[in-house]
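Those protein sequence lines, which keep their order, are chains Z and R.
Under the working numbering, the first residue of the first sequence is numbered 188, with each subsequent residue one higher.
Under the working numbering, the first residue of the second sequence is numbered 78, with each subsequent residue one higher.
Please keep in mind that the hints were generated in silico from the structure rather than gathered at the bench.
Quantities reported herein were computed from a predicted structural model and do not represent experimental measurements.
Each hint should be verified, as a subset may be incorrect.
Below, simulated DMTMM-like cross-link-like pairs (lysine to aspartate or glutamate); rule was C-alpha separation at most 25 Å, straight line [what the hints assert, rightly or not]:
#, chain 1, residue 1, chain 2, residue 2
1, R, 133, Z, 288
2, R, 144, Z, 289
3, R, 176, Z, 289
4, Z, 194, R, 82
5, R, 119, Z, 241
6, R, 176, Z, 213
7, R, 186, Z, 245
8, R, 119, R, 135
9, R, 176, Z, 241
10, Z, 252, Z, 288
11, R, 176, Z, 245
12, R, 176, R, 82
13, R, 119, Z, 251
14, R, 133, Z, 289
15, R, 176, Z, 288
16, R, 176, Z, 274
17, R, 119, Z, 288
18, R, 119, Z, 289
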Amino acid sequence: SAVISQKPSRDICQRGTSLTIQCQVDSQVTMMFWYRQQPGQSLTLIATANQGSEATYESGFVIDKFPISRPNLTFSTLTVSNMSPEDSSIYLCSVATAPGDEQFFGPGTRLTVL
Amino acid sequence: QKEVEQNSGPLSVPEGAIASLNCTYSDRGSQSFFWYRQYSGKSPELIMFIYSNGDKEDGRFTAQLNKASQYVSLLIRDSQPSDSATYLCAVSPAGGGNKLTFGTGTQLKVEL
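Please model the entire structure based on the sequences and the hints provided.
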C-alpha cells in the first residue's frame, strides 16, 4: 500500500485562526479523502479531494470552513478556517486506488483549539 | 437508527481465545465492507475487506458477511495482547462509490 504522510502531526491553535494540513502520498492515487475523528468518536468523512477541481463535501461540511486543494495525484491540503474549540479533533487523509476500493489512512493531525 | 452499528465494548477475551466482533448496517444495498484496527492515538489500519456473502480468511482473521441479515463480523483466532485495540467496521453505499460510513468501533481487550 501507499506510504502516506501528514503535516503537521499535531498543533495547538488559537480560536479564530486557520490551520492548513498537508497530505503527501508516495505514489499517484486516484482518490483522496479527508476525515475528522472527534474525541471518543468514530470517523466522519469531510470531503473527497478531486484533482484539478473543487472538492465534494459531505452534508454538514462547507468549503468556506474546510477549503481543500488537490493540485496533483500525490498531494492535498485541508484548511480548517476560523477555528473554534469544537474543531479540536484528529484530521485524517485517506487514499484509494480506485472508487470503491479499500482506503488507507495517513497518520493523522491532532488539532487542539484553545 | 444508526447506519452502521457496533457494540462499543469493551470486549474482553483471554489470550488464545477467539474474539468475535459484530457489525450491523442499515443500507441493504451496501456493496463493500471493511474492518479497520485502531490503536489508541494511532490512525486506522485496514485488516480485512469483504464484498461477497460468506467467509474470507486471512491468517488469524476471518471476515463473515451475511447480506440478507445485514451483518458483518470479524473473528480473531488465537487472540494476542497485541490485538487489543478498537476495531472499526466501515461500509460503502449502494451503487459502490467512495463514501465509507464507519461504526463507532468495538474496543477489544485481550487479557493474559
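For each hint, the structure was consulted:
no., hint, result
1, R/133 with Z/288, "holds (17 Å)"
2, R/144 with Z/289, "holds (19 Å)"
3, R/176 with Z/289, "holds (11 Å)"
4, Z/194 with R/82, "violated (32 Å)"
5, R/119 with Z/241, "violated (29 Å)"
6, R/176 with Z/213, "holds (23 Å)"
7, R/186 with Z/245, "violated (34 Å)"
8, R/119 with R/135, "holds (23 Å)"
9, R/176 with Z/241, "holds (17 Å)"
10, Z/252 with Z/288, "violated (28 Å)"
11, R/176 with Z/245, "holds (9 Å)"
12, R/176 with R/82, "holds (17 Å)"
13, R/119 with Z/251, "violated (29 Å)"
14, R/133 with Z/289, "holds (15 Å)"
15, R/176 with Z/288, "holds (10 Å)"
16, R/176 with Z/274, "holds (21 Å)"
17, R/119 with Z/288, "holds (22 Å)"
18, R/119 with Z/289, "holds (18 Å)"
In this structure, the hints that do not hold are numbers 4, 5, 7, 10, 13, in rising order.
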